[in-house]
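Undergrad: If you're matching them up, the sequences are chains Y and E in order. Start counting the first sequence at 1; every next residue gets the next number (the numbering used here). Start counting the second sequence at 1; every next residue gets the next number (the numbering used here).
Everything labelled a hint here was simulated from the structure, so no lab data went into it. Note that the coordinates shown come from a computational prediction; the quantities given were computed from them, not determined experimentally. Hints are not guaranteed to be accurate.
[Unchecked claim] Taking CB as the label site, the calculated pair distances span: (1) E/Gln142 / Y/Glu614: 22 to 28 Å; (2) Y/Gly485 / E/Gln142: 49 to 55 Å; (3) Y/His503 / E/Asp218: 30 to 36 Å.
For every residue, glycine included, the Cβ atom is placed at its ideal position computed from N, Cα and C.
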Amino acid sequence: MGQVAWWESAASVLDRGDTTLPGHEWGILDAEPVGVTDVVHHVGSADIELIRLVLVNNSGVPRGRVADSESLHGSFLAVKRSEREQSTEDGDADTDYAGASDARRRSRRRLPVSGGSPEARLLWNNRILLHILSVCCKSSRIFEAIYSRLYITVPTRGASSRVSFRRLLVGPQKRVGHMPADFNWAIGGEAGDGIDSTGKIFAQALSRAGRHVFTSKDFASRIRGGYTAYKIRTSVDPVQSVVDRLDVLIALTPRTIEENLDELHENSVIVYDGERTTMANVEIPEGMTGLDVPLKRLAEEAGGAIMRNVVALGAACEVTGFPIENLDSALEKRFASKGQALVDNNKEAARSGQDYVAEASDVDTGYELETTDADYVLLNGDEAIGMGAIAAGCKFYAGYPITPATDVMEYLVGRIERFGGHVVQAEDELSAINIALGAARAGARSMTATSGPGIDLMTETFGLVATSETPLVIVDVMRSGPSTGMPTKQEQGDLNGLLYGGHGEIPRFVLAPTTISECFWKTIEAFNLAEKYQTPVYLTADLSLAVTEQTFSPEAFDMDNVEIDRGKVVDEETIEEWQNEKGQFQPHALTDDGVSPRAFPGTIDGAHMSTGLEHDELGRRTEDTGMRVEQVDKRNRKVETAREAEDWGPREFGDPDSDSLVISWGSNEGPMTEAIEILDDEGIDLRFISVPYVFPRPDLTEAVEAAETVVVVECNATGQFADIVEHDTLTRVERINKYDGVRFDADELAAEIEAAVQEQEVIQ
Amino acid sequence: MSAFSAISEDIEHDRNEYTPGVEPQPTWCPGCGDFGVLKALKGAAAELGLSPEEMLVCTGIGCSGKLNSYFESYGFHTIHGRSLPIARAAKLANPGLTVVAAGGDGDGYGIGGNHFSHSARENHDMTYIVFNNEIFGLTKGQTSPTSPKGHKSKTQPHGSAKDPIRPLSQSLTAGASYIARTAAVNPNQAKDIIVEAIEHDGFSHIDFLTQCPTWNKDAKQYVPYIDINDSEDYEFDRTNRAEASEMMYETETVLHEGTVLTGRYYVDEERPSYGQEKRAIGEMPEEPLAERYFDDDHEWDRVYDTFLDRHK
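Chain Y with its partners taken away, still in its complex shape (with noise of 0.2 Å):
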């Protein structure tokens, strides 16, 4: 083969517009080394910059190393090469090849880069990539190698994306049995068809039976819009994860099978309506089980078409081996408010499906879904988060619907009132931070919730929020931005808005809880900072915590733990040592701590003036220079004393001597405490910090430097977290990125940080 000749396949294969994807039969390989350990491969979004391809041998010493301006060619060469000189250590580090620069400069001319998603174009690349791949590597044994361990890096601005070839072409690799005992659910169809409260119903019945719980939700598509799912992760002991395995699909539609077919697996039981029109010529994929249950015709004898969802259930029942009696319990508590007759129908209808398909069916699943004894509560984030906040003592919420936020609200309502608080619907965002700060100006602990496109129009009010130092606390759910960018889907993107958003400067504080009982304790300690510091707070949870429903112990919401501190307010009798030698309140005093008195309207002697213009230590406006300088230190002195006084701490896992350290903020913690232990089991320690506090934030210097490799993973594009850990600690990073609208699974980040941590290693 010429120097470029494997270009000019590429080229080929590009101009016929051919999309077969050569590597396809290679399917699901083991990924057993032969001689090559490890291939890491830079890809540019763009164009197809091949920049290095590094082989190491079993020991991790590289074998045949190619320099940056290497191409894929020259890949295959050193492959070859290391195959060659099997026995010698000593690879040719540095030769160059001709057609390197060459091949550069024509893909950059042919490749489309116009038009297309990045994914799409992502794809595309790797589809020629691999087809390059496959051309070069006549030894199939050397392609199963390369193949395997090969990942693409996605440069963007500093940053990078790490996806595995598998991942795209394949579809993820099976990790079948690697967590203990755990089983996956799921019902899906179109919406409309009830999936979410029929999801939430067996979730009940898994959590009540003594089973921990992590559902997810797949609210769209990537076909088109309709499509519907809610999928449960179970087992007895703890989760925190999805993962790309499913074993029991209820398909209300053809297309929850399509949807699903990368999770399904040759133990799948999919349970489907055969008398359902659209379902009679379903094709059940090769290997797995179709149960075909009539569950309309079911539920109508039972009483009413409504109920072939829990018909299902009962199916599922059977099917796992889960005692009916959870369901019963759970279907109680759904329908009592309906009447006992609604209550009877149901359990009815879900027997029916249980008997069905114990009579008609022969197959033996193997699935035990096992109960226990313990007692669990099942809620997602903005429910704890909602409950937090009255727990701190929240007399006040305004807000405007926005999803994911949404259910904060929905949750308060009905239930803040009883507690002496209330709700407020505002006509926008803008009123409702604007109303949220009032209710606070007049001494009620006070609260909103909102979105992304919420916090930009909130940033204006916030300003005045900071300035007055009137304790806040603002909740932001984050989605997928910008603008209305994905409402429904997972991102981190809106922390540098937080941290950084306004005119001006000005001191916020700003929580980001990392699993949904910290949802709950960081809403009380967000008031709590609010109130005592006289700041804003931001408390930004992400759209994966937000409408994650998991089970925690009751003891995880210990509410005799919650302390109320309202800072310093003053009343007609304390308010006297605040008085200026005038007799006048001094709302803005310039104190050592930097800390205010407060005096509520209605307090005696405790008339003031309050602005968003920079004032004295009376709140009356001022231009005075000295005065100027000495607020603004004032307010900055606050964090100080914050930072000194309170516990900023990181949550730590793994190995806290292991060399290769990984950083994440929000519900990234989840998925990363189950990587850890997948690593584990390969042989990989890792030590683990899950950060809640943004700002303040604990300083990592000394974790960083003690660690040989680090790596960040956050939910977004540009790294947001990973250029202020780098900020702090003057120290380079890794970034695992991801910012497809879709969260981490364990799997998935287990994979890409091996491959970060080898990659690292192989480097060094």
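Dock chain E against the given chain Y, drawing on the hints supplied.
TA: Only chain E this time, still in chain Y's reference frame:
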């Protein structure tokens, strides 16, 4: 002990009590209509026997925003257009407070127009005074939402092509339950109207004509004015929405023809305020929302049972 003891006080007040010690003399231009608003507000507060500490005056941005700098009370000088949501929330959080919001016509009818509509619609128990001088004063003379059509300014040198806002009509449509217009040149009528507006249980909107002798020299000093409630030329029932609407439309139209009509245009005593409605259905306590923080016996642990059970 209530934390808000100023509210329960019942003593006589002199209008001079509302003059702050720090900044007794306003810095408005000589001849500015804003002086008239301040004087009327002080007179009204004294007449109502309100102590400075039970009043909260929220203002927006503009010359009018300085009102609370010159009026002794709890004052919150907010940002452009946002005084209304802040003010109405303070009233909800502590119904004992007397809450007044004030701002210019740009602040209330322009940038804050949405809040104006919705505060009126929800009928919050508060008083909203709009300083209407038909110009942007603080930024030195640009066209405002109430500037008449054809009005020339630095931003509309060939004359405004827009019809001005009809503030009274808009207020009525939105749902305000007390609507009046007064003028700075008539401080007695203005004081009486502010007294009525504060006493009214619901959203009281006062469109207050405040002449700007510096930046709106074309405009009249709003004299001579006619009080439609006293004049025999204008017979209408101010509790009748249709008649009020007609009267408002005429008033807004003739202003630009040189006839200044003022007075009470619409009063609905029947319609409950937002707070009254919410309290009636048990969604809001009678006491200030902040009051319970001062109650040492408050049972926080009730939360546990009440809330976690739902999630089992």
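Undergrad: Hint by hint, note whether the structure agrees.
TA: How the hints compare with the structure:
no.	hint	result
1	E/Gln142 / Y/Glu614: 22 to 28 Å	25 Å, holds
2	Y/Gly485 / E/Gln142: 49 to 55 Å	36 Å, violated
3	Y/His503 / E/Asp218: 30 to 36 Å	35 Å, holds
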